[in-house]
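There are 2 protein chains.
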Amino acid sequence: MSTSKKKSALSEVPGVEGQSSLNPNLSKLRRQKAVVNNDQLFDGIRNGDRTSLSRAITLVESTRPEDFMLADDIVQRCLPHTGNSIRIGITGVPGVGKSTFIESFGLQWIERNHKVAVLAVDPSSAKTGGSILGDKTRMNALSQNVSAFIRPSPSAGSLGGVARKTRETIMLCEAAGYDVILVETVGVGQSEIAVKRMVDLFALLLLPGAGDELQGIKRGIMEMGDLILLNKADGGQERKAELASAEVRRALKLYPEDPRGWTVPVKPISAIENTGISDAIEEVEKYQRHMQIKGYWDQTRKDQSMWWFDDTVGELIYAHWMSEASNQKKYEDLKAAVENGTMSPLMAARKLLS
Amino acid sequence: MSTSKKKSALSEVPGVEGQSSLNPNLSKLRRQKAVVNNDQLFDGIRNGDRTSLSRAITLVESTRPEDFMLADDIVQRCLPHTGNSIRIGITGVPGVGKSTFIESFGLQWIERNHKVAVLAVDPSSAKTGGSILGDKTRMNALSQNVSAFIRPSPSAGSLGGVARKTRETIMLCEAAGYDVILVETVGVGQSEIAVKRMVDLFALLLLPGAGDELQGIKRGIMEMGDLILLNKADGGQERKAELASAEVRRALKLYPEDPRGWTVPVKPISAIENTGISDAIEEVEKYQRHMQIKGYWDQTRKDQSMWWFDDTVGELIYAHWMSEASNQKKYEDLKAAVENGTMSPLMAARKLLS
Chain A
0 MSTSKKKSAL SEVPGVEGQS SLNPNLSKLR RQKAVVNNDQ LFDGIRNGDR TSLSRAITLV
60 ESTRPEDFML ADDIVQRCLP HTGNSIRIGI TGVPGVGKST FIESFGLQWI ERNHKVAVLA
120 VDPSSAKTGG SILGDKTRMN ALSQNVSAFI RPSPSAGSLG GVARKTRETI MLCEAAGYDV
180 ILVETVGVGQ SEIAVKRMVD LFALLLLPGA GDELQGIKRG IMEMGDLILL NKADGGQERK
240 AELASAEVRR ALKLYPEDPR GWTVPVKPIS AIENTGISDA IEEVEKYQRH MQIKGYWDQT
300 RKDQSMWWFD DTVGELIYAH WMSEASNQKK YEDLKAAVEN GTMSPLMAAR KLLS
Chain B
0 MSTSKKKSAL SEVPGVEGQS SLNPNLSKLR RQKAVVNNDQ LFDGIRNGDR TSLSRAITLV
60 ESTRPEDFML ADDIVQRCLP HTGNSIRIGI TGVPGVGKST FIESFGLQWI ERNHKVAVLA
120 VDPSSAKTGG SILGDKTRMN ALSQNVSAFI RPSPSAGSLG GVARKTRETI MLCEAAGYDV
180 ILVETVGVGQ SEIAVKRMVD LFALLLLPGA GDELQGIKRG IMEMGDLILL NKADGGQERK
240 AELASAEVRR ALKLYPEDPR GWTVPVKPIS AIENTGISDA IEEVEKYQRH MQIKGYWDQT
300 RKDQSMWWFD DTVGELIYAH WMSEASNQKK YEDLKAAVEN GTMSPLMAAR KLLS
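Residue numbers (numbering that gives the first Met the number 0), protein chains in the order written: chain A, 0 to 353; chain B, 0 to 353.
Next up, chain A with everything else stripped away, as it sits in the complex (with noise of 0.2 Å):
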C-alpha cells in the first residue's frame, strides 16, 4: 500500500480522533498481522471480491480485543457505502424447508439482476454443532452463483455478540454490492427479536397443517412477520396450504392493525417446486414500496441504529463495571442474598451502588 493512500483512506474516518497517535497502533497490529490490511481489504470489498469480504467479516466476528480497531475501521470506510439494499429475516422451525426457500428465493433475485448475500444469527449453532449454514451443499445452487454471497453463523458469543456481528456484516455486504441481504435465524429464541431489529422485512416461514402448524413457533414470533409464506404447498398438500393460510389470516386478524398501515401477506409457496416464490418478491417489493412512501423505511432504519447504540453501551457500560473485581465480588454477595430471600432485589441492587 502506497502512504498516500493510507493517509487519505483514514483521513475518511470522521470518528477517528487523535489520528496521528493511532496510526502506529495500526501500523503495528498490521506489521504483526500480515494478511490482515485494510487499504486492500477495503478496495477488495469495494470492487466485490469475495475473499477480501470474507477476511473482513472474520475481523469483524473476532473476539480478540486487539482486532477491535482494525474492524471498527474497516467498518467505518465501509459506512457511506451501506444502506442501498433490502435487508429481510428469515424465520421458521427446523424442518420448515428454510434452505430450500433460501436457495429458490436467492435466485430469483439473482435472476432480476441483484446480488444476494445469506447470513445467519444462530448463537446455539457452536455448541450444538449443528450450524444452521455450516453445510453449503443445503444451498448448492445458491452457493456456486458468482452473485450470492453465504456466510455462517459467527461461530461463538452472546446473542448480543453474535447479533451485533451479523449487523456490521449486513453493512460489509452492502459495501460489497450486495443488495438483497438474507438473514436466517432458527425460530425457536431470542434471535428473532435481534434479526428483526437489523431488516427491514421479517419474513415467517410455516408448514400447513391445520390447527398445529405453529408448534414450535416460540410465542411472540407470529407477530414480528412481515410477510408470512406457508411452504411445501405440493405433493398434493396445496389444499391443506390454502387452508391453513386462511387460518392464519384469521388469527392474525385478532391483533390490532399494523400501526405502518401494512396488511401481513399470508401466501402459500413451494420452495421446493418454486411455486409463489415469485410472488413472495413483489409482496417484498410492495411493502418497500409501503414502507418508502410512508416514511418508515428511512425512519426504522435510524431507529435500530439508535437501538443498537444504545444497547451496546449498556452492555459495555455493564462489563467495564463488572470488570473490576471488586464489584464483581460485592454483586455475587447481593445476588446470594437475594436469592435465598434476606433482602429485597431493589435495596440489594442500591447497596452494590452504594
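Mixed in with the good hints, there may be bad ones.
[To be verified] A short, non-exhaustive set of chain B residues, derived as facing chain A with CB atoms under 8 Å:
| no. | residue |
| --- | --- |
| 1 | THR50 |
| 2 | ALA250 |
| 3 | ILE316 |
| 4 | LEU352 |
[Claimed, not checked] Below, computed lysine-lysine pairings styled on BS3-like, alpha-carbon distance capped at 27 Å:
| no. | chain 1 | residue 1 | chain 2 | residue 2 |
| --- | --- | --- | --- | --- |
| 5 | B | LYS301 | A | LYS334 |
| 6 | B | LYS350 | A | LYS301 |
| 7 | A | LYS350 | A | LYS301 |
| 8 | A | LYS301 | B | LYS266 |
| 9 | A | LYS301 | B | LYS329 |
| 10 | B | LYS252 | B | LYS195 |
| 11 | B | LYS301 | A | LYS328 |
| 12 | A | LYS301 | B | LYS328 |
| 13 | A | LYS195 | B | LYS195 |
| 14 | B | LYS239 | A | LYS252 |
| 15 | B | LYS301 | B | LYS334 |
| 16 | B | LYS334 | A | LYS195 |
| 17 | A | LYS252 | B | LYS350 |
| 18 | A | LYS293 | B | LYS334 |
| 19 | B | LYS266 | A | LYS252 |
| 20 | B | LYS195 | A | LYS350 |
| 21 | B | LYS293 | A | LYS334 |
| 22 | A | LYS334 | B | LYS195 |
| 23 | A | LYS195 | B | LYS252 |
| 24 | B | LYS266 | B | LYS285 |
| 25 | A | LYS350 | B | LYS239 |
[As the list claims (entries may be wrong)] Which residues of chain B face chain A? A partial, calculated answer using Cβ under 7 Å:
| no. | residue |
| --- | --- |
| 26 | ASP71 |
| 27 | VAL74 |
| 28 | GLN75 |
| 29 | GLU167 |
| 30 | ILE280 |
| 31 | TRP307 |
| 32 | PHE308 |
| 33 | THR311 |
| 34 | VAL312 |
| 35 | LEU315 |
| 36 | TYR317 |
| 37 | TRP320 |
| 38 | LYS329 |
| 39 | SER343 |
Hints are computed from structural coordinates only; laboratory data are not their basis.
Glycine residues also receive a C-beta, built at the ideal position from the N, C-alpha and C atoms.
Put chain B on the given structure of chain A with help from the hints.
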C-alpha cells in the same frame, strides 16, 4: 420508641452492614421526619393498620434519595413476612370493565375470608391525569370493605421505577396480611411485561365481539395471559361472549403449549351481574395448585427476584456511569454521530468506553 426495641428491630436486618455507623444516620433522618418512624410503621403494618401501610408505601414511592434508606429499611423488616399471597396481574383496554371486575372479584375473595390489596402500574397516569385508580369511587363497595386496601399508581417516574415500587408495595401489603394482591394495568403498553414479572398469574380481560374484540390489545399481550375472561357477557350478549371465547381458544391453539403444562382457561363472565366470577376464582386456585405441584410456583418467584435484581443493577450502573458529566457529553456526541450515519453503532459504543 425504646432503645432496646430499636436495636432489636435493626438487628433483624441481615443486609444492613456496619450497623453502628448506620444507626446515627437513621436516627438523624428520623428526627427530621417525625412522621416516619420505622419502628412504629413496622408495628402498624404487622397489626394491619392501613394508615401505617399507606405511609410505608409513600416512603417506598418517594423519589427523594434521603428517603431511600428508610424505604429499604422498612421493606427489609417486612421481608420475612412476605410471600404468603396470590399475586394476580389484571389487564384489559379501557372500557373492558376492569374496575367493575376488580370490585366483584375482590369482594368474592373477601367472602372466602381473604384480604385483598389492589395496586396499579400505570406510569402514564400522572401525565394524562387519568390515573386508573385515582377515583376510588369506581370501586365503591370494595374500597369501603375493611378487608380491602386500594392504592393508586405511583404518580411519577419511569416505567421501571414505577414497577419496582409496585413490587416493593406488594411486599408491604403481604406483611400487612393481604393475601390476594391484584395488580391492575391498562393493557396498552409495556407495563404488562413488568407486571408479568411480579405476579403469579396474569389475567386478561377481553370484550366479546367476534373478530375485532382484541383491537387495542398490544401485540404479544394475549400470549401472556394465564387466564382469559370475556367480560360483559350480559344484557343479551351471552351468546356473543360464548362465540368470542371459542374464537380466542381457537387462536390460542395456534401457539405452542405452555411448557408448564397449563391450558389457559377462556371464560365468559359478567362483572356487573357477578356471573362467572366464582369460576374465575376457582381457576386461579386450580392454577396455583398446578404450579405448586409442578414446582413452578416458588421457582417463578425466585426467578422474578433475580430478574428484578439484575434489571435494577443494570439500570443503576448505567445511571451511575452517566451521572458523570464528561461521560454524558461523550455519549451525546457519539449518539449524534450514529444518528447522522457517520459512525457505526458498535464502533461508537466502543469509543464511548475506550
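- Query: Are there hints from earlier that the structure breaks, and if so, what are their numbers?
  - Reply: Per hint list: 1, 7, 8, 15, 17, 25, 30 and 38 violated.
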